[in-house]
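Full structure from sequences and hints, please.
No gaps in the numbering here: position 326 of the sequence shown is 431 in the numbering used here, and each next residue is one more.
No lab work stands behind these hints, which were simulated from the structure alone.
Fair warning: this is a prediction, and the values are worked out from it, not measured in the lab.
No residue lacks a Cβ here, since even glycine has one placed at the ideal position from N, Cα and C.
Just to be clear, a hint being listed does not mean it is correct.
Said to hold, decoys possible - Straight-line alpha carbon distances no greater than 20 Å define the calculated DMTMM-like cross-link-like pairs of lysine to aspartate or glutamate that follow: (1) Lys114 <-> Glu418; (2) Lys201 <-> Asp214; (3) Lys456 <-> Asp503; (4) Lys276 <-> Glu297; (5) Lys244 <-> Glu148; (6) Lys430 <-> Glu297; (7) Lys280 <-> Asp328; (8) Lys244 <-> Glu366; (9) Lys495 <-> Asp383; (10) Lys257 <-> Glu335; (11) Lys361 <-> Asp383; (12) Lys257 <-> Asp214; (13) Lys114 <-> Asp383; (14) Lys443 <-> Glu470; (15) Lys361 <-> Glu148; (16) Lys276 <-> Asp345; (17) Lys257 <-> Glu233; (18) Lys230 <-> Glu149; (19) Lys413 <-> Asp214; (20) Lys230 <-> Glu392; (21) Lys443 <-> Glu419; (22) Lys215 <-> Glu335; (23) Lys361 <-> Asp374; (24) Lys201 <-> Asp191; (25) Lys413 <-> Asp383; (26) Lys244 <-> Asp345; (27) Lys215 <-> Glu366; (28) Lys280 <-> Glu313; (29) Lys308 <-> Glu298; (30) Lys456 <-> Asp423; (31) Lys495 <-> Asp423; (32) Lys375 <-> Glu419; (33) Lys276 <-> Glu166; (34) Lys206 <-> Glu148; (35) Lys308 <-> Glu318.
Stated by the list, open to error - Between beta-carbon pairs, the in silico distance windows are: (36) Thr202 <-> Ser380: 14 to 20 Å; (37) Asp328 <-> Lys376: 31 to 37 Å; (38) Asp214 <-> Pro514: 21 to 27 Å; (39) Gly208 <-> Val401: 30 to 36 Å; (40) Asn409 <-> Asn113: 22 to 28 Å.
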Amino acid sequence: MSKLPMHNKRHLVIVGAGMAGSKLAHDLWQSHGHLFQIILIGEEANVGYNRILLSSLLANEISQADMPLVDMQRMCDEGVQVLANDPVTSLNVGAKTLTLKSGQLIGYDKLVLATGSRASLLPIKGREAPNVMAFRTLKDVEVMTQLTGCQKICVIGGGLLGLEAAAGLVKRGHKVVVFHRSNWLLNRQLDEEAAGLLLNRFKQMGIEFRLGESPVSFRQQDDGRVSHVECQSGESLAIDLVVMAAGISPEINLAKAAGLETNRAIIVDKKMQTSHADIYALGECCEFDRQTFGLVAPIWTQINVLLKVLAGEEAVFDIEPTPTKLKVSGVQLLSVGKIQASTEDSCIVFKDVGANHYRKLVVNEGILVGAILYGNVADGNWYFQLIQNKTNVSNMLDLLVFGEAYCCPQVA
Numbered sequence: 106m107s108k109l110p111m112h113n114k115r116h117l118v119i120v121g122a123g124m125a126g127s128k129l130a131h132d133l134w135q136s137h138g139h140l141f142q143i144i145l146i147g148e149e150a151n152v153g154y155n156r157i158l159l160s161s162l163l164a165n166e167i168s169q170a171d172m173p174l175v176d177m178q179r180m181c182d183e184g185v186q187v188l189a190n191d192p193v194t195s196l197n198v199g200a201k202t203l204t205l206k207s208g209q210l211i212g213y214d215k216l217v218l219a220t221g222s223r224a225s226l227l228p229i230k231g232r233e234a235p236n237v238m239a240f241r242t243l244k245d246v247e248v249m250t251q252l253t254g255c256q257k258i259c260v261i262g263g264g265l266l267g268l269e270a271a272a273g274l275v276k277r278g279h280k281v282v283v284f285h286r287s288n289w290l291l292n293r294q295l296d297e298e299a300a301g302l303l304l305n306r307f308k309q310m311g312i313e314f315r316l317g318e319s320p321v322s323f324r325q326q327d328d329g330r331v332s333h334v335e336c337q338s339g340e341s342l343a344i345d346l347v348v349m350a351a352g353i354s355p356e357i358n359l360a361k362a363a364g365l366e367t368n369r370a371i372i373v374d375k376k377m378q379t380s381h382a383d384i385y386a387l388g389e390c391c392e393f394d395r396q397t398f399g400l401v402a403p404i405w406t407q408i409n410v411l412l413k414v415l416a417g418e419e420a421v422f423d424i425e426p427t428p429t430k431l432k433v434s435g436v437q438l439l440s441v442g443k444i445q446a447s448t449e450d451s452c453i454v455f456k457d458v459g460a461n462h463y464r465k466l467v468v469n470e471g472i473l474v475g476a477i478l479y480g481n482v483a484d485g486n487w488y489f490q491l492i493q494n495k496t497n498v499s500n501m502l503d504l505l506v507f508g509e510a511y512c513c514p515q516v517a
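Right, dumping it as structure tokens:
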């Protein structure tokens with residue numbers, strides 16, 4: 106495959122050097138580097154790292170050397186231009202230019218917005234204090250890993266990110282209390298029964314929980330730092346650090362200011378194109394069919410679609426069920442599809458308290474539509490395939506909850 110002269114290549118700029126933007130740049134360089142001069146622009150000083158591994162890094166299960174998602178140095182050596190620590194401040198869609206914080210002006214033929222998300226900060230008085238932080242970036246983890254002694258830490262949010270942060274901090278010897286507005290953990294992924302088992306496991310780690318509750322305010326000292334968390338009960342908890350892990354908000358400020366169509370995120374069509382020609386969006390900053398995306402699987406699919414679209418080939422994006430897994434050592438958990446049954450659904454439940462094992466399957470008209478597995482997730486991929494393929498499971502309902510080995514025994 107011959108390369109075009111540099112001056113004949115189309116300029117493709119990717120704004121955002123997180124996982125989505127970096128992987129797109131890498132895969133585009135490998136598959137269509139002969140067509141494009143690729144420029145990757147990142148807000149963070151560290152680019153191209155695997156954000157999924159932040160919880161493992163915090164828990165001291167891996168080192169910084171394990172964090173790269175792509176070989177950034179090799180990409181640069183091969184001609185991909187990477188501009189780190191220099192965020193885009195404005196986009197002129199008419200002139201097809203971007204202005205960076207440094208003042209540099211970048212032109213583009215094709216533009217991809219992969220600006221990701223920001224951590225949501227709940228409207229709690231004192232949230233702007235210097236010792237209130239998010240759990241979102243490599244820099245955040247570096248701050249947490251530099252904590253000395255036994256610190257008293259308050260984590261806001263009992264979702265995936267909050268639980269991973271709490272587990273990592275406890276493993277480092279800190280005292281952690283988790284506030285969660287819902288009455289049970291992972292309320293978007295689990296039913297109350299499975300969440301109860303998960304709660305017991307985290308309590309065994311030494312984590313304290315305040316369920317169905319958010320802090321009223323953060324009491325600050327003269328230096329502005331939070332010293333106490335004020336509870337709804339009137340109780341006041343002494344605290345050294347607050348970690349906000351209460352969800353994310355798509356970063357759309359650049360797109361919105363430039364006049365692109367936005368809702369909660371940047372609206373894209375099935376080809377990942379925005380409301381403006383030659384501008385695309387993917388990852389956590391985009392919205393398709395009124396849905397936004399926080400898990401890796403659909404974002405990787407978006408990248409594959411966009412690779413073909415940018416090369417002039419036919420490809421379309423569609424939404425598929427995506428399994429949720431918790432990345433905490435010693436906790437096996439998988440959730441996919443529908444978790445709360447309606448009156449039209451039937452549920453199959455298996456629970457072994459002694460083995461700390463729970464399964465719940467949701468079936469609708471002979472089709473598996475949802476599954477929760479806690480303790481033993483060995484059949485997770487099989488259940489996921491049944492859901493994806495819309496396989497009729499009517500003839501195996503009696504054995505379905507016991508897994509593939511019982512429903513599909515191998516013939517000797």
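Status of each hint after checking the structure:
no.: 1; hint: Lys114 <-> Glu418; result: holds (18 Å)
no.: 2; hint: Lys201 <-> Asp214; result: holds (7 Å)
no.: 3; hint: Lys456 <-> Asp503; result: holds (15 Å)
no.: 4; hint: Lys276 <-> Glu297; result: violated (26 Å)
no.: 5; hint: Lys244 <-> Glu148; result: holds (12 Å)
no.: 6; hint: Lys430 <-> Glu297; result: holds (17 Å)
no.: 7; hint: Lys280 <-> Asp328; result: violated (23 Å)
no.: 8; hint: Lys244 <-> Glu366; result: violated (32 Å)
no.: 9; hint: Lys495 <-> Asp383; result: violated (36 Å)
no.: 10; hint: Lys257 <-> Glu335; result: holds (14 Å)
no.: 11; hint: Lys361 <-> Asp383; result: holds (16 Å)
no.: 12; hint: Lys257 <-> Asp214; result: violated (51 Å)
no.: 13; hint: Lys114 <-> Asp383; result: holds (15 Å)
no.: 14; hint: Lys443 <-> Glu470; result: holds (14 Å)
no.: 15; hint: Lys361 <-> Glu148; result: holds (18 Å)
no.: 16; hint: Lys276 <-> Asp345; result: holds (17 Å)
no.: 17; hint: Lys257 <-> Glu233; result: holds (19 Å)
no.: 18; hint: Lys230 <-> Glu149; result: violated (28 Å)
no.: 19; hint: Lys413 <-> Asp214; result: holds (16 Å)
no.: 20; hint: Lys230 <-> Glu392; result: violated (31 Å)
no.: 21; hint: Lys443 <-> Glu419; result: violated (31 Å)
no.: 22; hint: Lys215 <-> Glu335; result: violated (50 Å)
no.: 23; hint: Lys361 <-> Asp374; result: holds (17 Å)
no.: 24; hint: Lys201 <-> Asp191; result: holds (18 Å)
no.: 25; hint: Lys413 <-> Asp383; result: holds (14 Å)
no.: 26; hint: Lys244 <-> Asp345; result: holds (18 Å)
no.: 27; hint: Lys215 <-> Glu366; result: holds (17 Å)
no.: 28; hint: Lys280 <-> Glu313; result: holds (8 Å)
no.: 29; hint: Lys308 <-> Glu298; result: holds (16 Å)
no.: 30; hint: Lys456 <-> Asp423; result: violated (35 Å)
no.: 31; hint: Lys495 <-> Asp423; result: holds (16 Å)
no.: 32; hint: Lys375 <-> Glu419; result: holds (11 Å)
no.: 33; hint: Lys276 <-> Glu166; result: holds (10 Å)
no.: 34; hint: Lys206 <-> Glu148; result: holds (9 Å)
no.: 35; hint: Lys308 <-> Glu318; result: holds (17 Å)
no.: 36; hint: Thr202 <-> Ser380: 14 to 20 Å; result: holds (18 Å)
no.: 37; hint: Asp328 <-> Lys376: 31 to 37 Å; result: violated (52 Å)
no.: 38; hint: Asp214 <-> Pro514: 21 to 27 Å; result: violated (57 Å)
no.: 39; hint: Gly208 <-> Val401: 30 to 36 Å; result: holds (35 Å)
no.: 40; hint: Asn409 <-> Asn113: 22 to 28 Å; result: holds (26 Å)
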